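Participant: Listed below, chain by chain, are the residues.
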Amino acid sequence: MSAPFSPSPTAHPGVPSEGFLLPDPVWLAHRTRRHFLSRCAVGLGGIALASLADAARLGAAPAPSAADLPNPLAPRPPHFRARAKNVIYLFMAGGPSQLELFDYKPKLVALNGQPIPASFIEGKRFAFMDTSHGTKLMGTRRQFAQHGRSGAWVSELFPHTAGIVDDLTIVKSCQATLFNHAPAKLFMNTGSGQFGRPSMGSWLSYGLGSECQDLPGFVVLQSGPRGPRGGAVNWGSGFLPTTYQGVPFRGTGEPILNLTTPEGIAADRQRQTIDAIRDLNLQRAVATGDPEILTRIAAYEMASRMQSSGPELIDLSRESPATLKLYGIEDGRPSFARNCLLARRLVERGVRFVQLYHTNWDSHGGPGENLQSDFEKVCREVDQGQAALVQDLKARGLLQDTLVIWGGEFGRTPMGENRDTTGRNHHIDAFTMWFAGGGTKAGAIIGETDELGFNAVADPLHVHDLHATLLHLLGLDHTRLTFRFQGRDFRLTDVHGKVMTKLFA
Amino acid sequence: MTASALYLRRPAIPGRALLVLGSLLDLAALPLPAAPVDYLHEIKPLLTQHCVRCHGEQKEEGGLRVDTAASMHLGGASGSILRRPAGRESLLEQVLAGTHEDIPAMPYKKPRLAAEEIARIRAWVADGAPAPEREEPGRWEHWAFVPPRRPSPPPLPASLAGWPRNDLDRFIGARLAAAGISPSPEADRITLLRRISLDLTGLPPTPDEVSAFVADQAPAAFERLVDRLLTSPHYGERWARPWLDAARYADSNGYSIDAPRQIWKYRDWVVAAFNRDLPFNQFVIEQLAGDLLPQPTVEQRIATGFNRNTQINQEGGIDPEQFRIESVLDRVNTYGTVFLGLTLSCAQCHDHKFDPISQTEYYRLYAFFNNSVDDGHGDRRSRSTGVLHFDADGRPDDRLEAELAETREQLEALFEQQGTTVEAWRRALPPEQRRKHASASLRAALDVEWARQSFNQRRAVFPLARPEDPAFKALNDRYGTLTRREGKAVSTLVMEELPEPRPSVVFIKGDFTRPGAPVTPGTPAVLPPLRAEKPNRLDLARWTVDANHPLTARVLVNRVWQQYFGRGLVETENDFGSQGTPPSHPELLDWLASELIARGWSLKALHRLIVTSATYRQASRVRPDLETIDPLNRLLARQSRLRLDAEIVRDAALRASGLLVPTLGGPPVFPPQPDGVMSLGQVKREWKPSTGPDRHRRGLYTHFWRATPHPALAVFDAADGFSACTRRLRSNTPLQALTLLNDRQFVEFAEALARRIQSEVPDDLGARIDFAFRCCLARPPSEAEKSRVAELYQQQLTATAGEETARRQAAWLTVARVLLNLDETITRE
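Which chain is which? The protein sequence lines are R and X, in order.
Under numbering that gives the first Met the number 0, the first residue of the first sequence carries the number 0, and numbering increases by one thereafter.
Under numbering that gives the first Met the number 0, the first residue of the second sequence carries the number 0, and numbering increases by one thereafter.
This is chain R alone, in the form it adopts within the complex (with noise of 0.2 angstroms):
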């Protein structure tokens, strides 16, 4: 035996006989020690696990504090020095029109209710191109300017983002593989258009482990009429533990499932039960040796904590006043941009991944879905949330350690879709989504487009290189963060993925 915590290796010899009831405690002492080191590899001093398992021989267990306890999602060091620690995902779920929003192209308004010129489109499949929707080019009716010192263009639908365009990075040249709603979110959030992979904040989890205790390392918080398209899937882990999959919080009623004590029961009996499971647990690992029920312990202690942190985090009340009126949340309901603000307390809270979802940007034209009146709706709902968000990180000192992503699962075709009104289809060779913090570089415009808006001509970055810069801000090669699955080492950036150190400031 070479660990060094070991007794002598003779005081073990053979098979424990029948009437052996409780291992020497120096042995659970250090086989529980062991357990920390190798599966939490979280290193731990002078713990008195010894004592505490002598404790429980005499039937009077104490409570363990929580740091004793071995836990899988404890903070895990960065391959590299990382530029961000937490990242803040803005969903635009179903595509927001990157030419209503920030990729203006006047040549496109110029050749309004034109045919497509064939050499944008040679070799090229169009989602729905076989419907009778028009194949017309169509320009913007949206009013452009320019804004801040690096002069970026954003539409009049975006008040609010354009005056902090100098806090942000803009790239106008991203491009993805799918095009239906669901696979193209899947694959934006996993790298891969087929269900059952791990989603790029299970990665993270995975990955870094959580600065947070007392709340999960990812949570989504969702916003808008429904759902967005795939549903759990797009915080899924996949083939990953469950304990790195999304939490959903939810906008109305308890923020987690089963998180409120049980009706009927007090805060006092639900702490009483939870201790008696917790001493009876403790009685049974003595017993049995096995240090999976350390880890039940201590997954039920964080569930108590949870329990009182969670409340404590959706209560706004202790927000002043003028922090809501910069998010302008108006009144306790669920809305974009109370999820914003949420988002920012998650971080400080030390939540790793939390991603927003705000529906509905898919718009083709149909009722509900027109460029036109739903399309400003859905702007005004996010554009001073978002605006918000930015502003108060960098206030509070935030957001050079947290990245903030902005965008859609693809963006929209520079041709016009006629149904009852006129919109846009999905388009994956160019759209436009923007970072701001964790290291990016403040007031930058990465990649072009065609005149048109057909084609990244310049810059392209690709989902997979999203992917692999992500993790490269967060201090992960994406080469190097590998799970064994089914044979294979599987990663968030499958085979492809080239890190673009273009958006690091």
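No wet-lab data here; the hints were simulated from the structure.
The structure presented is a predicted model; accordingly, all values stated were derived computationally and were not measured.
One or more hints might be untrue.
Using 20 angstroms as the maximum straight-line C-alpha spacing, the simulated EDC-like pairs for lysine to aspartate or glutamate come out as follows [stated by the list, open to error]:
#1 X:Lys352 - R:Asp165
#2 X:Lys472 - X:Glu405
#3 R:Lys106 - R:Glu155
#4 X:Lys109 - R:Asp488
#5 R:Lys393 - R:Glu155
#6 R:Lys497 - R:Glu450
#7 R:Lys501 - R:Asp400
#8 X:Lys683 - R:Asp391
#9 R:Lys135 - X:Asp446
#10 X:Lys435 - X:Glu448
#11 R:Lys376 - R:Asp400
#12 X:Lys508 - R:Asp493
#13 X:Lys785 - R:Asp274
#14 X:Lys108 - X:Glu92
#15 X:Lys108 - X:Glu59
#16 X:Lys785 - X:Glu759
#17 R:Lys440 - R:Asp391
#18 X:Lys109 - X:Glu140
#19 X:Lys435 - X:Asp446
#20 X:Lys472 - X:Glu411
#21 X:Lys108 - R:Asp488
#22 X:Lys508 - X:Asp397
#23 R:Lys135 - X:Glu448
#24 X:Lys352 - R:Asp488
#25 X:Lys352 - X:Glu60
#26 X:Lys487 - X:Asp397
#27 X:Lys785 - X:Asp769
Given the coordinates of chain R, assemble chain X onto it according to the supplied hints.
Facilitator: Below, chain X alone, put in the same frame as chain R:
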């Protein structure tokens, strides 16, 4: 040196300490070779296994072959590898030891040979490398592609002479003895009863069953218990679950729309097949090709639902052919994972990088599955779509589909015939007339030219254009009636072959838009040949369960083993290829596979064999002495504590609380779940909690939505139904704690248990605590546990004000919640 020892020294957890200990163990456990070394038996197998793959008939890296001693003497680019220059080691010794300056350590990028093996090779080289003259070249063969031989159970040393209960134990015992480890003592009777009850039926024993078993001191009491549990109908429920995981069973279509589907008759078929102990070979044939058997029974057609558990994409704007192809690919991949234990899916886009499966061979398997009538849209495009309907009496109603298809064809003919007229009318329709139609879908249909309208759009538009058409109304009404009848009917998805097979091709880089060379159905060359002129799915099914197939039986026994010990003999239960973990006990794996076949593929016989072994019956207590020598318990010197599967977490609580409704089978049920779960999917779907008996059915019957699975199942790692799941994770998370503590269902169970404690046991605190423990854990509490729970009860009772009965119920509710939350309650020890 047995072959099994070769596998001993690949530490699953890389770490220097382990490596050092591992080799110490080898040295201690294995006798050092005594000269002279026997080349053919002691050297050649090592080289064949580790070296010949790159230095043999197929590849001659560095111009070197080591498949005969003569080739080694001859050497490659660097000369003879056996010659010892004066005072120095031979090249072979240097590269194996990793001491050569230029040549990297061998085997290249693989774990080194064990110290003892290198020592043996040294002794042989030192001896002058003697070898027979006319030597057959050694050929590298991956173990899993060589059909299992039937090994004889090895002898045991005297110290273990009394230990084995059957031959299985000899394989385990011999390895333990070689490693100098003794097995653990047998678990106590109550632990054993709870373990076997959970393992065979997924339900813990009742307090009465515990008393009866403890009282039965007859020598064969345990064997009788096993027989009783194997004839319980709950056995089929328990063992159906892992099979349904592998079959990616779910009650919805998946993808983003995730509409409900009916295929529960397939689930019930699996339960019934296990209960009647349908031989596994027949079980496989009926699922893969029941529809192609001569005069298939309804049951045999239902069985083919195995291949219909693919997702169906009902999203708009998709290319249905793409998703039909996805289904076929999924069938190939599932076939590979479930039956062959191979990662066939790697060969979808290119030749398999590690295993001898070419891309062409992948698509030859694809060709077997590419001929069914179902399409990619779940839409009605042909006369049959592979849905088997049942009439009100439960008899198959094959007429319904035919009549529907016929009516549809007649309508389509009418639409064709009148197409020009309708289109002319549509074009002439002024825009303001169009706008006046109330429904957006009808307005949208009117915008689409007739030739491009869908069938249902045409049904809506046609009567506007031709209100007086004599044929339309009758046909359309009939179609509506039939569709409604179809909507209400019990049905199940089945495989049904097209009259003429579809042509199959290789897809270049796996991309369905890039068809390559045509292929015919066939099996991979590395496996035994399939002898049939024009093989179909039935031939494939029969080939799969051929007694000489090297994979099927091994893969199956390994998965069964994994359920009992938490880990398979081959740890990578879904990868028996060269990247998988080699078996910890190769002879045992082969012996079990041959036993299965020898016993007529009876799964019940296999279960009986395993659970009556001394190996299975060991205590699960963690042993300090194994901590460093066998930390993962691969040698099985003890049993393991295993957290219960998601469904069984529920079942155990239902049984403990006395609420369990043990009815078998039928449509899925809707036990309560927290509000708001269903809104997480793209399409909000209703979850109306079952009332009455269906509220308390086993977890197996909970309606499983792929997009929004029941959270109490998902949180305990239930399979997701997206792809074949052959091993569940066992996570241990705070969300599980919140579920057991706060979920309405679990509070309901605790309330029932609290009432049960008070109604079934006289008013005595100690006796009631005893009973509560027996309900949840089968065992009575220890003194320490009893006093802790008594203290809790008194605390709760005094802390509550009010009427006595209510105070008592509240105090017992707390006790019940504590017990239902214990790690031990949700663990098989």
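Participant: All hints are to be evaluated individually against the structure, with a verdict given for each.
Facilitator: Cross-check of the supplied hints:
| no. | hint | in the structure |
| --- | --- | --- |
| 1 | X:Lys352 - R:Asp165 | violated (48 angstroms) |
| 2 | X:Lys472 - X:Glu405 | holds (16 angstroms) |
| 3 | R:Lys106 - R:Glu155 | holds (19 angstroms) |
| 4 | X:Lys109 - R:Asp488 | holds (16 angstroms) |
| 5 | R:Lys393 - R:Glu155 | violated (24 angstroms) |
| 6 | R:Lys497 - R:Glu450 | violated (26 angstroms) |
| 7 | R:Lys501 - R:Asp400 | holds (18 angstroms) |
| 8 | X:Lys683 - R:Asp391 | violated (34 angstroms) |
| 9 | R:Lys135 - X:Asp446 | holds (17 angstroms) |
| 10 | X:Lys435 - X:Glu448 | holds (18 angstroms) |
| 11 | R:Lys376 - R:Asp400 | violated (32 angstroms) |
| 12 | X:Lys508 - R:Asp493 | holds (15 angstroms) |
| 13 | X:Lys785 - R:Asp274 | holds (15 angstroms) |
| 14 | X:Lys108 - X:Glu92 | holds (17 angstroms) |
| 15 | X:Lys108 - X:Glu59 | holds (17 angstroms) |
| 16 | X:Lys785 - X:Glu759 | holds (19 angstroms) |
| 17 | R:Lys440 - R:Asp391 | holds (18 angstroms) |
| 18 | X:Lys109 - X:Glu140 | holds (17 angstroms) |
| 19 | X:Lys435 - X:Asp446 | holds (13 angstroms) |
| 20 | X:Lys472 - X:Glu411 | holds (13 angstroms) |
| 21 | X:Lys108 - R:Asp488 | holds (16 angstroms) |
| 22 | X:Lys508 - X:Asp397 | violated (40 angstroms) |
| 23 | R:Lys135 - X:Glu448 | holds (18 angstroms) |
| 24 | X:Lys352 - R:Asp488 | holds (13 angstroms) |
| 25 | X:Lys352 - X:Glu60 | holds (18 angstroms) |
| 26 | X:Lys487 - X:Asp397 | holds (15 angstroms) |
| 27 | X:Lys785 - X:Asp769 | holds (8 angstroms) |
Violation of the numbered hints given earlier is confined to hints 1, 5, 6, 8, 11 and 22; the remaining hints are satisfied by the structure.
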